[in-house]
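Participant: Here are the chains, one letter per residue:
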Amino acid sequence: MSLLQIDHVSRHFGKLIAVKDVSLTVEPGELRAIIGPNGAGKTTFFNMISGFFPPTTGTIRFDGEDITRLTPEQRVARGMARTFQITEIFPELSVAGNLRIAVESAAGFRMKPWLNGVQKKLVAERIDELLTLGNLTASANNEVGALSHGDQRAVEIMMAMALRPKILLLDEPAAGMGDQETYDVSRLIRRVHRDQKLTIMLVEHDMRVVFNLADRIMVLAEGALLAEGTPDEIAQSDVVQQAYLGKEADLGKEAA
Amino acid sequence: MNGLKQHYAKIIVWAILLTIPYWFTYVGGYLGLANEIVIYALAAMALNFLLGFTGVLSFGHAAFFGLGAYGTALTIKFLVPSTLVGLAVGVLTATVAGMIIGALIIKRRGVYFAMATIAFGQLFFFIANRWNSVTGGDDGVGNWHRLPINLGFAKIPLFHNSLVYYYFTLLMFALAVGAMGLLLDGPFGRSLMAIRENERRARFLGINIELHVWISFVISTAICGLAGGLLALLDNFVNPRDLRFDLSGVLVVMAVMGGMRSFWGPLLGAAIFQWLREVLSSHTPNWQTYIGIVFVLVVLFFRRGILGFKLSTVKS
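Top line first, the protein sequences correspond to chains Z and F. Going by my numbering, 205 is the number at position 205 of the first sequence; the sequence numbering is gapless. Just so we're on the same page, my numbering is the position in the second sequence counted from 1, plus 1000.
One chain only, chain Z, in its complex shape (with noise of 0.2 Å):
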């Protein structure tokens, strides 16, 4: 059974009609990647799946269950994580107080006015399997908003690693990243999906990191689906080269 089923999903803003038609299934155990010139309706459409705004038309099944107007916190509670373009995270808190917000929220403990000492152990050992997965332990005592660009990036993905995941929504993770930072973080996604076996769905720009990673990868132009599968498929695609040629000449001349 697939882990994510998407029918028909469309999104109207007023007038504007942000994705068109869209379905698209994800087994578990893959790495999908969301492709698509800007303005494509890539963000709506993982906004969709994660809970922002239901679709206006179409459904979402998530694991079996349909999940389309849940809130995010019930999508989360299901067994979906994100992260998110900007990244978010606590800025003034360390990297391990950070990171013990989402164990103990994981836990079920989010509600819980004090922790005896079986619990305490337990959020610790987490923080510190987390910390170990993110290679984030010499900075654990450090205030997060003072760490580079990528290192926020991987406490956010370990935070959403907390949740225990059955799919991780990844938006444009290497944004803003310069080339040693987009390397790193393209391990770190590997390692997470490949030793945790986990399913991973992430939007992105930087071509390098989607062809590296990706086992399928879905093209979005114009709000519809423009091409599917894997990598050397979508490279060879002649559809796909036109969308993003036809981008590309259009951006020189607007440069000219």
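Be aware that one or more of the hints could be misleading.
[Stated by the list, open to error] To give an idea of the chain F side of the interface with chain Z (calculated C-beta under 8 Å), a few residues:
{"no.": "1", "residue": "Trp1144"}
{"no.": "2", "residue": "Gly1181"}
{"no.": "3", "residue": "Leu1182"}
{"no.": "4", "residue": "Leu1183"}
{"no.": "5", "residue": "Pro1187"}
{"no.": "6", "residue": "Arg1190"}
{"no.": "7", "residue": "Ser1191"}
{"no.": "8", "residue": "Ala1194"}
{"no.": "9", "residue": "Glu1197"}
{"no.": "10", "residue": "Asn1198"}
{"no.": "11", "residue": "Arg1203"}
{"no.": "12", "residue": "Gly1206"}
{"no.": "13", "residue": "Ile1207"}
It is worth saying that the hints were derived from the structure and are not from the lab. All of these numbers come straight from a predicted model, not from anything done at the bench. C-beta: ideal position from N, C-alpha, C; glycine also.
With the hints as your guide, set chain F onto chain Z.
Facilitator: Coordinates of chain F only, in the frame set by chain Z:
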């Protein structure tokens, strides 16, 4: 909340509060002023539980302070002549009002939330001011006083001994402040701070924002009601000004001036405010102007309040 500095702050605060009746007169104070400081500090700390630690601004907390005061006074005057029952009814009244109002406005955020709290605050002020037959209208609720607490084997002389009443207030303060401190040190308190720091991230960690903010609001209003009840018992009188809009503003000023990111900041803010009021109001009817100037200076030069400035390096 951890760290050595917090630990020392705690020891210093309690040493001062426990001994103040014995030396306050030597520095120009008096027992009643100390008692008022403790009570307003409790209200300001309760407000700050919401403002400083959940990141939600209420401009209507005087309503809950006033409900606590009226609930206590009216119960003792008309229903049950018992200090503890009166206080309990006062707290309960404020809590129930907090639950209902909280549920009605919790979906609003930021300025809209603050506006809604002002509206409800004004509603309660007008009820108290107009419903003469019950609240005494503009005259307030007089002709009653706090009563001794009968323990069976002994009586605690709350009424005739103001020193005993000071320590009674301090005990209530300790219980409420202790409970808030405990919560802020645990997972629930960290969830609140997560909401303050980044609501979007908190939501996508599975934290139910509305529920958490609502609980924080109710805790805050309950403790504010307790402070109101304690003030009524101190004065043996309730004034409709106790739930007027100005008081809501004063509580915010106390919290911000003292430092809303620090646990004890509002206590310092309340002490400075009450002290300035005491000193200035005997010299000039325009004392509020001078407090305003002090407030402006603090906001301009200590972005996080007086205590927040010094403790800004302490991180959890």
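Participant: Could you run down the list of hints and mark each one as holding or not?
Facilitator: Status of each hint after checking the structure:
no.	hint	in the structure
1	Trp1144	36 Å, violated
2	Gly1181	11 Å, violated
3	Leu1182	7 Å, holds
4	Leu1183	5 Å, holds
5	Pro1187	4 Å, holds
6	Arg1190	5 Å, holds
7	Ser1191	5 Å, holds
8	Ala1194	5 Å, holds
9	Glu1197	4 Å, holds
10	Asn1198	5 Å, holds
11	Arg1203	5 Å, holds
12	Gly1206	4 Å, holds
13	Ile1207	6 Å, holds
Going down the numbered hints, you'll see the structure goes against 1, 2, while the others check out.
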